[in-house]
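Colleague: In this note's numbering, the protein residues as written are 1 to 96.
Hints are not guaranteed to be accurate.
[Said to hold, decoys possible] Computed cross-link-like contacts, EDC-like style, restricted to lysine to aspartate or glutamate with a CA-CA straight-line distance of at most 20 angstroms: (1) 86 with 52; (2) 27 with 84; (3) 24 with 82; (4) 24 with 61; (5) 53 with 89; (6) 90 with 20.
In case anyone wonders, no lab produced these hints; they're calculated from the structure.
Everything numeric in this text was worked out from a predicted model, so none of it was measured.
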Amino acid sequence: MTDFQGFQILSIRGEEESMEFIRKIRKDNGMTYHDMKRRMGIKNVNSYVQFEKSKLALNADKMIRLWRFSGLSAKAFMTLIEEEVKSKEKLNRRAK
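Working from the sequences, and respecting the hints, build out all of it.
Modeller: Right, here's the structure in full:
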């Protein structure tokens with residue numbers, strides 16, 4: 001994590017790395033990009049796709065909407081994120 005003007009930002013490095021848990025939640029719920037855009041109140045499909053493929057930082061408001069939609073408990077949602085971040089950190093260490 002990096003600190004940017006006092007705000008914690010989830011930071012992931014790597015070209016092909018995206019936040020797979022977001023895609024997983026969408027697919028587990030049988031939703032298309034368009035369905036998720038509508039469900040999360042995002043203006044257009046392209047903006048949703050950019051959110052799903054986020055590499056550097058995640059918008060807190062969108063993350064809260066995603067958590068509520070996912071139906072997961074807060075703990076399960078954070079565990080899902082934590083597991084992915086740890087996995088990608090290990091891959092980054094091996095690549096160095």
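Colleague: Could you run down the list of hints and mark each one as holding or not?
Modeller: For each hint, the structure was consulted:
1. 86 with 52: Roughly 19 angstroms between the alpha carbons, so the hint for residue 86 and residue 52 holds.
2. 27 with 84: Holds, because 17 angstroms separates the two Cα atoms, which is no more than 20 angstroms.
3. 24 with 82: The given pair, whose Cα atoms are some 14 angstroms apart, holds under the 20 angstroms limit.
4. 24 with 61: holds, 19 angstroms
5. 53 with 89: holds, 17 angstroms
6. 90 with 20: Holds, at roughly 16 angstroms.
The structure fails none of the hints (numbered hints given earlier).
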